[in-house]
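Here is how the chains run, residue by residue.
Number of protein chains: 2
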Amino acid sequence: MSILFVKHQSKLNSALEACAKRYAWSAYSESPSSKVHGADVPVNGKANFEAMLNKEFSLDMPGEIGRTGCEVSPYLQTRLGISYPKLDLDLLLPAVSSAMLKWADAPRDVRMGICLEILHQCSEQLFENAYATMHTAGQSFIMAFAGSGANALDRGLEALAYAQKAIQDVPETAIWERKFGEGALIKLQKTFTLRPRGVSVVICCATFPLWNAYPALMASLVTGNPVILKPHPNAILPVALLVRVCRGILQEQGFDPNLVTMVADTPQEPATIPLLTRDEVAIVDFTGSPQFGAWIEDNCNKASVYTETAGCNSVVIESTHDLHAMASAIAHSLCQASAQMCTSVQNIHIPAQGILVNQQQVSFDAVANAIKAAVDEQLSDPKKAAFLCGALVNDKVQSTIDHYRELGASRAKILRDSSPYQHPEFSNARTATPLILQVSNHDHDLYQKELFGPISFIIKGNNADTCLSSAAEDSAQFGAITAHVYSKSQQYIDKATTAFIDAGASVAFNLVGMPINFAAAYSDFHVTGLNPSGNACLTDLSFVANRFRIVQQKRMFN
Amino acid sequence: MSILFVKHQSKLNSALEACAKRYAWSAYSESPSSKVHGADVPVNGKANFEAMLNKEFSLDMPGEIGRTGCEVSPYLQTRLGISYPKLDLDLLLPAVSSAMLKWADAPRDVRMGICLEILHQCSEQLFENAYATMHTAGQSFIMAFAGSGANALDRGLEALAYAQKAIQDVPETAIWERKFGEGALIKLQKTFTLRPRGVSVVICCATFPLWNAYPALMASLVTGNPVILKPHPNAILPVALLVRVCRGILQEQGFDPNLVTMVADTPQEPATIPLLTRDEVAIVDFTGSPQFGAWIEDNCNKASVYTETAGCNSVVIESTHDLHAMASAIAHSLCQASAQMCTSVQNIHIPAQGILVNQQQVSFDAVANAIKAAVDEQLSDPKKAAFLCGALVNDKVQSTIDHYRELGASRAKILRDSSPYQHPEFSNARTATPLILQVSNHDHDLYQKELFGPISFIIKGNNADTCLSSAAEDSAQFGAITAHVYSKSQQYIDKATTAFIDAGASVAFNLVGMPINFAAAYSDFHVTGLNPSGNACLTDLSFVANRFRIVQQKRMFN
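These protein sequence lines are chains A and B, in that order. Residues 1 to 558 in this note's numbering are what the first sequence spells out, letter by letter. Residues 559 to 1116 in this note's numbering are what the second sequence spells out, letter by letter.
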């Protein structure tokens, strides 16, 4: 048994058990506290990040023909000044393909051990990763440490657990004996060899650079495929840090480091389509916009394609026991990471006649205003606002806000206007508080698509049933990663369950007192694959089972 | 627990164990002997088949707008005279989609119980199926009974076993508890609902009508998808018999029988492409020609596509202990079902300098002649020839033979000529014995594709190593479902193992004394998905895991 496998085996077993029972569990600490990490690690992490600024990030990959990268910190609005290798794909792809040969032949536990070690070493650079994520993706430090750090690593470990199930489902050998008619007993020894599919490309997104990178990388690499990571041009550094860890471990363990490479680019000179259209590409993982996701699903049909895009996540309010708790939970989703999360809610459906709160009728306006007030409350302390909202990943998000402020002024009611908030630490941070537009369900052209960033709609529906059917139909047609329903009526909850199940959308009921955007590794099946918000799930068996194939040898006993 | 599930549970458990251990096991009897079935069942089966001839086959499906079908018995070369419903897809598809609703909501064990009962009731009409297969696909009675009957049913049960693993991997409920920061303990109840993908289309082939139909039907149906079977126009009756069983059981169990329907057609008025290009189609299973398989892989990219096509299956001979046994094993493959099987060998590579037989050098010509002689020996008794070869499925196979006889005469050496053999029972049977052409490896344009039917090549290679590399390279480039190597040299066997693994082709060593075409359910992984002979495997987790998706509900405890 490989030493690295033995080193991490109990963690893998815990992950397998958590996936089976789906209780709350994490292999990595979410807290950046020095009580957990000691005094030096946080300080060194920050120093290491700062030492990378305005330098060449060296990765020593094949086909380097120059340097690229133009990341801008959303907090400083200045360039990070880090350059990354610019690669010639004609030189890179053959090197990547040839790296696969020895890796494909490695024993199963060797590959698994190395993948577990990669996650482990990444967990030792969570502070570096957090600063890198802040200053590229615009997340707050705490979100960058937990959501893009520990929680994302958990998704990677979860993918390894599922891969382990799929791998272990194929025995390595078998003996097969039978007679044919009157003939002699035939005895065959069979050997089943797992083989990779080919080059795997992982396209990472701008706001959560490693959220799908860890699971996709782990799922492909552990099953024998070399992986090319393609970071978003906005957010290369977190990916580069991961790639450096992978290459170091692979080389140290006697494998070709070109099993994990990175193709960085700039918006001016994009490299994604040239990479995706290479014949060698057998697997594509994508997180990003629905438009580009659809392009990949349509155009990369020689490859297995796994997408997570976005949709118009909805809230449907029918009744509640606690208006303030509900409004706070919804407001948290509108604020968190400036609603740049795939689980952020956007479309809040409230019946025109209002809702029951503890058996008391409360008007539509009162419910809408409670949500607005809850947003204001959460942003009242600049420190907490910064903690919650972080910064906008790029200027496009601000442009969308500006556009919808204009649309709102002419076509709807601006229930809450967006403006920058003053970041206590970074005076130049690109920030914006939530824009909330009040519309009717006749304004569906405004809200029947994902608007990336802190823009949401309070939609006045005819009644609770039409609120529900609108939300469910929009989920089916335009996609939804999450949906929330607030209701104290069991009958309504049952109806909503059916409506969202039929729409192929996951739904949560009456979540309060917690960040409702939270998706738990090992427990929440993230993305159903049944609506336009993506075709793959983090993580189920189908996410891993087709990343390898089985080649069989039979030998007759002499 | 559903009654039907309980009734068949032990069979499912046995299948699960067989898949895990991959030993020889079958749930259904391969023998048509009246010792097994009693005196009446075989007689009644034949009578039931004969009673269907020259009649309307009624299935009472929605959208029937006329009758279709023009099957011709390869044994009688007369029409069966059976007509089947001709369906209007615009009427059929909505009915099929609406049948899904209640089925999707059925408990897991209810669906599994019904699927197991379908296989069981099909096992009670194996005689009807055997005669139907003979007089459509041209198989011999014994092959039709075993290969297209019991063995195919085993593949269906195997698919259910894999589906059961994938289904059971998703728990139905979970409790999830954690604190966020200083907040209260949050407790969520989670429910995980399996949902179907949509309409599943199964395209069956001409020569083994149910070989992929059972596994594809079972994999899709048990996971909640309605299935439309599209039989080959040559071989509708076996599929119609299956569809009748499915519809009867579904109706009896309170479900919509339109969960399983059949779109029959004729070569003159083909219905496959109009069916495949319907928006409702979410899953496609295909067995048939590489050309049409490639069309589907390229054009049905909105659906999950599972293909098994064909390749140029090879034999590489380096050495043997027993020339006669080896030649007989190869000859058996050239004769069996007139080499109309996906596992039939076609390209036999022999080194120019001959081979070692028990340390004695035997010339190329002597090895080639031993194979020819073994074919002649197996066909010397007309009864055995009929048993082994059956009939040609259609005139196209004879045309291919005629074409290659001409090519062989002008460009190669006809080592063994093809001619009809006299069938002892059916004087008008469409029969042909194997055509064997001797060529050099310069004639690769002749043999680097599948020639459907009893046409094979003995290819003179420069030496054993070039024989191996040619066979492996052709497997990778043109596809291979099986490959055989005969060698007593461990070094050569190791080299061949590596070469075929790298080519993504399964390989068997030194098989003698058994039908080498045989692929065992629960043990052999049939088709690797790594070369052009198909993208799916009978059966592994990836064959089933993406036929359903998971929708989640979370509820907060009050």
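FYI, nobody ran anything at the bench for these hints, they're computed from the structure. Take these hints with a grain of salt, some might be off.
Said to hold, decoys possible - Quick list of simulated restraints, FRET-style, between CB atoms:
#	chain 1	residue 1	chain 2	residue 2	range
1	A	Gln491	B	Ile561	43 to 53 Å
2	B	Ile561	A	Glu17	30 to 40 Å
3	A	Ser410	B	Phe1115	41 to 51 Å
4	B	Ile561	A	His324	27 to 37 Å
5	A	Gln268	B	Pro665	33 to 43 Å
6	A	Glu17	B	Gly812	54 to 64 Å
Everything numeric in this text was worked out from a predicted model, so none of it was measured. Think of the CB as a built atom: it goes at the ideal place given N, C-alpha and C, for glycine as much as any other residue.
*Going through the earlier hints one by one, which of them does the structure break, listed in rising order?*
1, 4, 5, 6
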